[in-house]
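For reference, the chains in residue letters:
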Amino acid sequence: MAGAETHKVVLRLGDDVSTDAIYPGRFMATVLPTETPQYCFADLDFNKKLKDGAIAPGGVVVADRNFGTGSSREQAASCLKGWDLIIVANNYSRIFLQNAVNLGLRLVIVPGIEAAEGDELEFKDGEVVNATTGTSYAAEPLPPARQAIVDAGGLIPYMRKRVVEERAR
Amino acid sequence: MGMTVAEKILARASGMAEVSPGMVVEPAVDIAMSHENSALIMNQFFEIFEGTGLEPTVWDPSRVAIIFDHRVPAETSKTATNQKKIREFVAKQGITKFHDVRGDEGGICHQIMAESGYVHPGMVVAGADSHTSSHGCMGAMAIGVGATDMAGVWALGRMVNVEVPPTIKVVADGEFKPGVGPKDLILYLIGMISAEGANFRVIEFHGRAIRHMSISGRFVLCNMSVEAGATCGIVPADEETFRYLREEACAPGPFTAVLPDPDAVYEKTLEIDVSRLDPQVARPHAVDNVVPVGEVAGTRIDQVVIGSCTNGRLDDLEIAASIVKGHKLPAHTRMLVFPASWRIWSEAQKRGYLSDLADAGAVIMNPGCGCCLGVHQGALGDGEVALATTNRNFKGRMGNPNASVYLASPLTTAVSALRGEITDPRKGA
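Protein sequences, first through last, are from chains A and B.
All the letters of the first sequence, read from the start, carry residue numbers 251 to 419 under the numbering used here.
All the letters of the second sequence, read from the start, carry residue numbers 3 to 431 under the numbering used here.
Some hints here could point you the wrong way.
[Stated by the list, open to error] Subject to a maximum C-alpha distance of 27 Å in a straight line, what follows is the list of computed DSSO-like cross-link-like pairs (lysine-lysine):
1. 80(B) x 411(A)
2. 301(A) x 80(B)
3. 298(A) x 80(B)
4. 397(B) x 298(A)
5. 397(B) x 301(A)
Don't read these hints as lab results, they were simulated from the structure.
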């Protein structure tokens with residue numbers, strides 16, 4: 251994430267936030283990224299806040315360990331992206347991390363992050379500063395194989411280039 | 003340097019002599035599997051080709067498997083329309099491994115892949131479903147991915163940007179005590195290493211308890227490896243794998259087992275003496291919230307679910323049927339049975355298991371995943387408690403965030419069903 255930006259923590263969660271919590275299974279017949287945001291965290295009051303327009307784009311969801319555990323449902327990444335949320339967690343479950351990167355959802359790996367709802371986080375290169383508490387946390391880089399996809403603007407543009415190259419052979 | 007099974011398979015599929023953890027590879031995919039989420043994969047697949055002037059065609063229609071199982075038969079017009087679009091895509095692309103809503107060849111995708119002989123030892127399987135890890139039971143490397151990753155596989159025939167995962171070796175020795183089996187072992191392991199204990203890693207299973215286990219049992223281990231975050235659970239192929247392929251999947255061989263090198267490097271080795279295990283239960287609302295059954299005995303159950311990709315095979319139904327045969331479920335406990343495939347449904351019917359279950363009061367459902375993930379029948383009411391042989395118990399999983407799901411083996415579940423409360427199966431029905 252280039253340059254310093256400041257964003258407010260709009261939701262604070264704990265360990266093992268499952269894809270069923272992010273996007274409950276009962277809404278899985280809905281697949282398109284244009285339609286999934288309505289069910290984002292559907293079982294939390296947070297969903298109503300999103301729909302009421304009480305959450306500005308760029309709001310930060312902070313969680314502890316293993317965010318996105320469970321299913322491969324891409325809706326869990328696309329619904330968060332649809333509201334322009336940023337995810338900050340200690341670490342992520344593999345498939346969720348890949349889906350998020352593929353779709354261009356902004357996420358940062360920040361071990362030991364401490365932040366409460368309402369805190370302001372400052373995003374710098376390799377670092378997240380909780381401006382409210384004054385504490386700075388080192389951000390871990392994405393796995394190298396993922397960074398190439400971020401740099402390409404997501405998996406679809408990345409694959410489009412690859413397909414054109416390979417089918418031209 | 004010696005390689006693990008996953009490393010050997012990824013090296014072969016990537017055209018490299020040797021790989022080691024952390025290397026980025028692009029393995030060729032031997033088979034690519036998806037289900038109703040093919041509707042989203044198609045959307046992403048067409049987007050990849052947009053503006054390129056190229057015809058959007060899958061790389062090899064004989065290597066794409068599409069199996070309807072999440073919402074069968076369609077519960078809404080939306081699902082029905084998505085299934086219709088997928089059928090049209092299948093026809094246009096010439097995809098041959100297509101399993102529609104049919105009572106002869108349909109079923110849950112992971113079971114269909116195994117019993118149709120689509121997965122062989124040493125293959126790279128890409129699946130747009132997290133429980134794709136199941137296919138490691140055939141000695142394959144099976145990786146669950148999201149829809150856009152799968153769209154890329156359809157386009158290129160390779161997985162791109164795969165980091166070779168480190169491997170955790172699990173050695174399970176000893177003999178199970180009566181009443182304890184593969185489901186108890188995997189629940190115990192997940193409880194031991196946690197829901198992220200194998201995240202970005204492969205679990206390779208070894209030991210005498212594994213060698214003596216049928217493919218059905220190995221399937222349970224690999225299916226639920228993902229509940230510890232594993233990229234794949236792998237049981238190296240052996241005579242049992244070949245027997246299954248030959249006799250049950252009727253697959254033409256020959257097959258070659260991919261075995262780890264004697265000097266393969268593991269991130270760590272965990273040893274479990276299965277003879278020390280009691281029946282295990284995962285409590286709400288996390289799969290790693292595991293305790294011996296005694297700690298939750300007496301918990302009243304409203305709904306029991308036997309089946310799913312985890313435990314809906316013939317041996318599972320046989321156990322459940324043998325327990326409830328000649329008895330009646332208590333008035334407050336309903337039982338739903340989901341065989342993992344129609345082939346299993348049919349065989350269970352011939353052997354009388356389904357009538358034994360139905361006569362006891364169980365409802366025999368059609369094969370499918372819908373109940374486990376709360377998208378299609380079998381939803382729980384507010385405050386209700388379920389005991390299930392399925393693989394996940396996250397809040398909201400069985401269709402209701404105000405309900406609770408416990409997970410256990412088919413035996414523990416069936417015995418508990420008759421009592422209407424969670425029961426140690428060794429204390430009997």
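Checked hints:
1. 80(B) x 411(A): Measuring from Cα to Cα gives roughly 33 Å; hence the hint is violated.
2. 301(A) x 80(B): holds, 23 Å
3. 298(A) x 80(B): holds, 24 Å
4. 397(B) x 298(A): Distance of about 19 Å is within 27 Å: holds.
5. 397(B) x 301(A): Given that 27 Å is the threshold and the Cα spacing comes to 22 Å, the pair holds.
The earlier numbered hint that this structure contradicts is number 1, and it is the only one.
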